[in-house]
Every structure is written in C-alpha cells, then in structure tokens.
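The task is simple: from the sequences and hints, build the whole structure.
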Amino acid sequence: MKKIPLQVHIALALLVAGLLLLLPAHLKSYGIYMLSYWLVFIIATMGLNLTVGYAGQKSLGHAAFFGMGAYTVAIVMKAGLSFWLGLPLAALLCFLVGIVLGFPALRVQTIYLAFATLGFNTAIWLVMRNEEWLTGGTFGINNIARPAFLGWSLEGNLAYYYFILGTTLVMGLLLWGLLRSPWGKAFTALRDNPIRAESLGINTRSYTLLSFAIGAAYAGVAGALFASLVQFIEPAPFAVNASIMMYLMVVVGGPGYFLGPVLGAAVGVVLPEWLRFAQAWYLFAFGSAVVLLMIWLPDGLLSIPDRLRAKRLARDASAARAANAQRMGAKA
Amino acid sequence: MNHAQHSRATGAPVLKVSGLKKAYGAIQAVGGVSFEVMPGEIFGVIGPNGSGKTTLFNSMLGQITPDAGTIELNGQDVTQLGPLELNRRGVGRTFQTLQVFGKMTVRDNLIVAAQEHQGSMFSRIFAPGDSGLGAKADALIDQFRIRHVADKKAGELSYGQQKLVDIAMAFMSEPDLVLLDEPCAGVNPSLVGGISTLLKQLNQNPQMGKHSSFVVIEHNMDFVMDLCHRIMVMVEGQVMAMGTPAEIRANKQVLDAYLGS
Numbered sequence: 001m002k003k004i005p006l007q008v009h010i011a012l013a014l015l016v017a018g019l020l021l022l023l024p025a026h027l028k029s030y031g032i033y034m035l036s037y038w039l040v041f042i043i044a045t046m047g048l049n050l051t052v053g054y055a056g057q058k059s060l061g062h063a064a065f066f067g068m069g070a071y072t073v074a075i076v077m078k079a080g081l082s083f084w085l086g087l088p089l090a091a092l093l094c095f096l097v098g099i100v101l102g103f104p105a106l107r108v109q110t111i112y113l114a115f116a117t118l119g120f121n122t123a124i125w126l127v128m129r130n131e132e133w134l135t136g137g138t139f140g141i142n143n144i145a146r147p148a149f150l151g152w153s154l155e156g157n158l159a160y161y162y163f164i165l166g167t168t169l170v171m172g173l174l175l176w177g178l179l180r181s182p183w184g185k186a187f188t189a190l191r192d193n194p195i196r197a198e199s200l201g202i203n204t205r206s207y208t209l210l211s212f213a214i215g216a217a218y219a220g221v222a223g224a225l226f227a228s229l230v231q232f233i234e235p236a237p238f239a240v241n242a243s244i245m246m247y248l249m250v251v252v253g254g255p256g257y258f259l260g261p262v263l264g265a266a267v268g269v270v271l272p273e274w275l276r277f278a279q280a281w282y283l284f285a286f287g288s289a290v291v292l293l294m295i296w297l298p299d300g301l302l303s304i305p306d307r308l309r310a311k312r313l314a315r316d317a318s319a320a321r322a323a324n325a326q327r328m329g330a331k332a
Numbered sequence: 001m002n003h004a005q006h007s008r009a010t011g012a013p014v015l016k017v018s019g020l021k022k023a024y025g026a027i028q029a030v031g032g033v034s035f036e037v038m039p040g041e042i043f044g045v046i047g048p049n050g051s052g053k054t055t056l057f058n059s060m061l062g063q064i065t066p067d068a069g070t071i072e073l074n075g076q077d078v079t080q081l082g083p084l085e086l087n088r089r090g091v092g093r094t095f096q097t098l099q100v101f102g103k104m105t106v107r108d109n110l111i112v113a114a115q116e117h118q119g120s121m122f123s124r125i126f127a128p129g130d131s132g133l134g135a136k137a138d139a140l141i142d143q144f145r146i147r148h149v150a151d152k153k154a155g156e157l158s159y160g161q162q163k164l165v166d167i168a169m170a171f172m173s174e175p176d177l178v179l180l181d182e183p184c185a186g187v188n189p190s191l192v193g194g195i196s197t198l199l200k201q202l203n204q205n206p207q208m209g210k211h212s213s214f215v216v217i218e219h220n221m222d223f224v225m226d227l228c229h230r231i232m233v234m235v236e237g238q239v240m241a242m243g244t245p246a247e248i249r250a251n252k253q254v255l256d257a258y259l260g261s
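So the sequences go chain by chain: A and B. Just so we're aligned: the first sequence equals residues 1 to 332 in our numbering. Just so we're aligned: the second sequence equals residues 1 to 261 in our numbering.
FYI, nobody ran anything at the bench for these hints, they're computed from the structure. Where is the CB? At the ideal position from N, CA and C, for every residue including glycine. Hints are not guaranteed to be accurate.
[Claimed, not checked] Okay, derived cross-link-like pairs now, SDA-like style, lysine to any residue, Cα gap no bigger than 20 Å in a straight line:
id, chain 1, residue 1, chain 2, residue 2
1, B, 153, B, 134
2, B, 103, A, 304
3, B, 200, B, 142
4, B, 153, B, 130
5, A, 311, B, 102
6, A, 311, B, 149
7, B, 152, A, 123
8, B, 103, A, 134
9, B, 153, A, 299
10, B, 103, A, 178
11, B, 252, B, 239
12, B, 152, A, 312
13, B, 103, A, 307
14, B, 153, A, 179
15, B, 16, B, 96
16, B, 153, A, 304
17, B, 153, A, 312
18, B, 153, A, 306
19, B, 152, A, 153
20, A, 311, B, 134
21, B, 152, A, 308
22, B, 152, A, 291
23, B, 103, B, 148
24, B, 152, A, 5
25, B, 16, B, 103
26, B, 103, B, 88
27, B, 21, B, 34
28, B, 152, A, 30
29, A, 311, B, 153
30, B, 153, A, 193
31, B, 103, A, 258
32, B, 152, A, 138
33, B, 153, A, 34
34, B, 103, A, 162
35, B, 152, A, 304
[Stated by the list, open to error] Cβ pair distances, simulated, as ranges:
id, chain 1, residue 1, chain 2, residue 2, range
36, A, 304, B, 243, 56 to 64 Å
37, B, 125, A, 299, 21 to 29 Å
38, B, 188, A, 107, 36 to 44 Å
39, A, 317, B, 197, 25 to 33 Å
40, A, 285, B, 128, 45 to 53 Å
Right, dumping it as structure tokens:
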C-alpha cells in the first residue's frame with residue numbers, strides 16, 4: 001500500500017473544513033445542536049485518548065471531569081462572573097483533580113485502576129446530586145448564559161457552534177503539538193513498556209500523573225462548553241454510564257490514533273440519532289453495531305489502514321520466503 | 001569534573017560492589033558478593049542457573065533492594081536508588097527478553113532512549129520531536145547496520161533485529177556503565193559474532209570520547225571468553241573465581257563446577 005500523498009491529506013482536510021464551516025448554515029437548529037454536541041465530545045475524548053490511548057492508563061471517571069467543568073462554569077456564571085473566568089478555572093480545577101486521580105494509577109493497573117476511577121466518578125456524581133447549595137442537586141442549574149467573544153454575541157446556535165468549532169481546532173492543535181514533542185514519545189513508551197521506559201530515565205510517575213491531568217483538563221474545557229451549549233445542567237449526564245460511553249468512543253475510534261475521537265464521538269453521538277428510525281430497536285441496533293465493531297476491529301476504526309498494511313506485509317514476506325525456498329531447491 | 005570523569009582520570013572503579021547480600025526467605029540468593037569494574041572494562045558474570053546472577057543484576061539496577069552491602073557508582077553510594085535515578089547517573093541496560101517499544105519506529109526507539117537526558121521535563125514540551133538526537137540515532141543505526149529498517153515499527157522486526165535495537169537503545173544516552181543481560185539469548189550464531197564486534201566497538205567508542213564499562217551476564221562461553229577482560233564465576237550465591245578469561249579457563253574448580261571439559 002502506497003503512502004497517501006500530502007496533497008490528498010490537504011484536499012481532504014479542506015473538504016472537511018469546508019463542510020464544517022458551510023454545512024451548519026443550511027441545517028435546522030437541532031442539526032446545529034447535534035454538530036456542536038459532537039464537537040464537545042471530540043474535545044472530551046481527545047483528552048481521554050491521551051490518558052487511555054497514548055499513555056495506556058484505564059479511566060472510567062472521565063465524565064466526572066466533564067461534569068466538574070460544566071458545573072464550574074455554571075456556578076461561576078451564576079455568581080455573576082464571566083464565562084472567560086470560568087473556562088480556564090474549569091480546566092485548571094480538572095487538571096489538579098486529575099493529578100490526584102492519577103495517584104491510584106501509580107499503584108494499580110488494568111481493571112483495578114478502572115474500578116478506582118469508576119469509584120471516583122460515583123463520588124463526584126454524588127457530590128453533584130447531594131450538595132444542593134452548590135450544584136442545585138437534582139434540580140440542577142438552569143439559564144446558563146452563552147458568552148460573547150470580542151464583542152461578538154455567541155447567544156445564537158450558529159454563532160456558538162462556530163465558537164466550539166474554533167475551540168476544538170485550538171485544543172486539537174495543542175494536543176498535536178504535545179504528541180509531536182518528546183512528551184508524546186514518553187507517553188507512548190509508558191504505554192508500551194513502563195519497565196523499559198523507566199530504565200531509560202523516563203519518569204513514569206510524572207508522565208502517568210500528567211496523562212490523567214491533561215486528559216482531565218480537556219474534559220473540563222469540554223464540560224464548560226457543554227454547560228453553555230445546553231444551558232441547563234443536572235447530574236445525570238455526568239454519571240458512570242457517560243464515562244463508559246466516552247471510553248467506548250475512544251475504543252471505537254481507535255485508541256492512540258489522533259483522529260480516533262473524531263470518529264468515535266461520531267459513533268457515540270451521531271449514530272444513535274441516525275438509528276432513531278428504528279424507534280424502540282435503536283438501542284439494540286446500536287449495541288449490535290458496537291459488538292460487531294469490537295469483534296472485527298478491536299483497535300478501532302482507524303486501525304483499518306494498519307491492518308491492511310500488516311496483511312500486505314505478511315503476504316509479501318510469505319511470497320519472498322516461497323521464492324527463496326524455490327531458489328534453494330533449484331540450487332540443490 | 002563530574003564523578004564519572006573523576007573515575008576515569010584517577011583510575012578509580014566505575015562500579016564497586018561490596019558485601020552484597022540478598023535472601024528470599026531461607027534461600028540466600030546472593031551471599032556477600034564483592035567486585036569492582038574499572039573504567040573501560042568489560043566484566044563478565046557467569047554461573048549455572050540459580051547461582052544468583054540475576055539477583056545480583058537486579059540489585060545493581062535498583063529493581064530490588066539488597067539486604068546488606070553497598071553499590072557505588074563512580075564513588076557515589078547508589079545502593080538505594082531505583083532504575084530511573086541510576087539511568088540519570090549514567091547506567092544503561094539491556095534486557096534478557098526483548099523490551100523495545102513495538103509501536104514506535106526503530107529511530108524513535110533510539111530517540112526516546114536518550115531524550116530524557118536533554119533539558120528539563122518542562123523544556124521538553126517545546127523541544128523538537130527528535131529532541132535534537134536525530135543525528136546521533138542515525139549514527140547508531142548505521143553502526144548497528146539497521147538502516148533498512150530504521151523507519152519500520154520495532155514490533156514488526158525479526159527477533160535478531162529487535163535484539164540489536166534493544167542493545168543500541170542502551171547506548172543512546174552515552175552511559176558510563178552498561179549492564180547487558182544475556183545479549184546473545186535466542187540469537188542465531190552468525191549474529192552472536194556481530195554483537196560481539198559491536199560491543200567491542202562501543203567499548204572503545206571514539207564518538208563518546210570515553211571508554212564505557214560493561215557488565216555482561218551470558219551463558220554463551222565463547223562469546224564471554226572473547227569479549228570480556230575479566231570474568232567472575234558465581235555458584236550458589238558466592239564468588240567461586242574471578243580473573244581473566246585465560247585464568248578462568250584454567251581454573252580446575254570452575255571447570256568441575258561449571259565449564260566442564
């Protein structure tokens with residue numbers, strides 16, 4: 001399989017950018033809302049992809065950070081303060097709590113770590129539900145305003161969509177830069193072989209904590225955008241099932257693939273909408289699709305090119321061996 | 001002048017192990033082992049299975065804490081240090097089983113092997129992807145004759161090629177001391193000679209501007225006798241003999257217990 005030329009990449013990127021810029025103007029309110037929702041989940045799962053896909057940790061607590069980001073912005077704005085204060089505060093708070101959540105990962109791994117993070121999610125969810133004085137409890141917080149950006153009101157759905165699109169792009173570029181830096185290699189080394197990584201001077205402790213913290217900060221930013229998108233938040237969207245869904249998005253898209261969250265979030269957010277024609281059967285159809293994906297593509301949708309490449313390499317190697325054996329036979 | 005330079009200038013040992021002991025329950029795996037490794041020396045450790053070589057190695061690498069004794073690196077006590085700190089102080093290692101990063105390219109495996117020695121952790125966020133180590137990685141790739149697979153994922157290579165990558169990684173950070181754990185394990189006979197030649201070159205590497213010291217555990221006696229300057233024979237956690245390859249070959253006790261006729 002030949003490498004795809006750069007021009008094809010650029011053309012494809014321009015096509016996607018054109019669609020994302022022009023398509024929403026022709027969509028109804030719900031369509032714009034769904035696209036915005038998808039972008040918010042792309043940001044959240046970009047962070048989870050760093051923690052799970054690149055650094056090899058297990059986290060079933062990502063929705064807690066998503067919720068913390070949402071509640072931070074909602075509470076800050078209800079206090080009469082600016083969204084622009086709430087947004088960095090949400091990211092910072094999640095970053096710091098993410099470090100704390102990373103500590104269990106220094107002691108336990110695999111399913112044990114998954115359960116530890118799941119417990120964390122449950123604890124945060126209970127705080128959201130029970131601490132009514134702060135979070136509004138099950139009644140939640142409503143009338144969350146949308147901000148203005150450089151004097152430009154983001155109150156309209158389309159305007160807010162473009163703001164989320166811009167933020168997604170910035171967050172994507174930041175992550176791209178991080179993954180291209182030596183930190184990216186250190187995260188991958190940590191995932192592939194932590195013992196070897198440590199023997200090469202890679203501080204596996206620090207990188208483990210950072211993978212949780214940075215991933216959490218991404219969820220915090222996504223949560224902040226989510227609060228102003230839906231304009232009403234209550235604890236339900238931040239429960240453990242949301243964390244499992246986010247994990248599924250990362251796995252379906254392809255853990256450790258940069259664009260995995262784009263596809264994964266589409267499967268998690270958009271596919272259920274497309275399957276609504278099946279009415280009562282839509283959850284069954286969605287579940288079946290996921291089962292089939294996991295059976296045939298356990299490394300996610302973006303692993304398809306790699307699988308094809310591996311098959312070609314195996315075929316070539318087999319042909320080379322056969323030719324070699326034939327030559328040896330002819331000599332003998 | 002740092003500690004390593006001081007060791008080279010004064011001829012003081014790079015590694016000094018004194019009275020090292022480690023027991024697992026009632027079994028004394030290592031029972032008071034002492035030896036020194038001088039700058040530029042290749043020091044072999046041989047012995048039958050269960051003689052305590054691996055426990056000794058793991059103690060020197062900070063993976064287990066000895067019950068008694070001390071380990072000094074360039075005159076500094078490092079007995080309680082872990083693998084991370086030891087690497088930062090100039091200890092490289094290879095593993096008996098393959099330990100490459102399978103999903104990274106060969107070139108990236110070499111770069112990641114030394115990147116943490118460049119600048120601070122914070123500064124590395126803004127560093128180029130190759131941490132400025134691209135040329136050095138390419139030099140080692142050429143020296144190990146793995147140029148044709150440099151851009152392949154390490155996990156896709158043959159066992160022998162991965163073994164070469166594993167060894168090359170240990171030398172990327174220009175360590176003072178390299179601990180080689182069975183570098184010939186599972187390697188075909190033609191490659192064994194190649195690994196021996198490479199290690200001799202690296203031991204006298206002019207690019208490093210210094211002589212690295214090696215400690216080698218290996219069961220391939222021809223390889224050990226050809227490569228090492230001195231050899232220590234361990235049996236049941238004790239040092240049975242220590243000397244040059246010729247002395248070890250001539251030692252009747254060693255012949256009876258380990259080498260045979």
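We went through each hint and held it up to the structure:
no. : hint                         : result
1   : B:153 with B:134             : 17 Å, holds
2   : B:103 with A:304             : 16 Å, holds
3   : B:200 with B:142             : 16 Å, holds
4   : B:153 with B:130             : 16 Å, holds
5   : A:311 with B:102             : 17 Å, holds
6   : A:311 with B:149             : 18 Å, holds
7   : B:152 with A:123             : 45 Å, violated
8   : B:103 with A:134             : 46 Å, violated
9   : B:153 with A:299             : 17 Å, holds
10  : B:103 with A:178             : 18 Å, holds
11  : B:252 with B:239             : 15 Å, holds
12  : B:152 with A:312             : 14 Å, holds
13  : B:103 with A:307             : 13 Å, holds
14  : B:153 with A:179             : 17 Å, holds
15  : B:16 with B:96               : 23 Å, violated
16  : B:153 with A:304             : 17 Å, holds
17  : B:153 with A:312             : 15 Å, holds
18  : B:153 with A:306             : 11 Å, holds
19  : B:152 with A:153             : 50 Å, violated
20  : A:311 with B:134             : 30 Å, violated
21  : B:152 with A:308             : 16 Å, holds
22  : B:152 with A:291             : 32 Å, violated
23  : B:103 with B:148             : 17 Å, holds
24  : B:152 with A:5               : 19 Å, holds
25  : B:16 with B:103              : 37 Å, violated
26  : B:103 with B:88              : 25 Å, violated
27  : B:21 with B:34               : 10 Å, holds
28  : B:152 with A:30              : 46 Å, violated
29  : A:311 with B:153             : 15 Å, holds
30  : B:153 with A:193             : 15 Å, holds
31  : B:103 with A:258             : 14 Å, holds
32  : B:152 with A:138             : 54 Å, violated
33  : B:153 with A:34              : 39 Å, violated
34  : B:103 with A:162             : 36 Å, violated
35  : B:152 with A:304             : 18 Å, holds
36  : A:304 with B:243: 56 to 64 Å : 60 Å, holds
37  : B:125 with A:299: 21 to 29 Å : 28 Å, holds
38  : B:188 with A:107: 36 to 44 Å : 41 Å, holds
39  : A:317 with B:197: 25 to 33 Å : 28 Å, holds
40  : A:285 with B:128: 45 to 53 Å : 47 Å, holds
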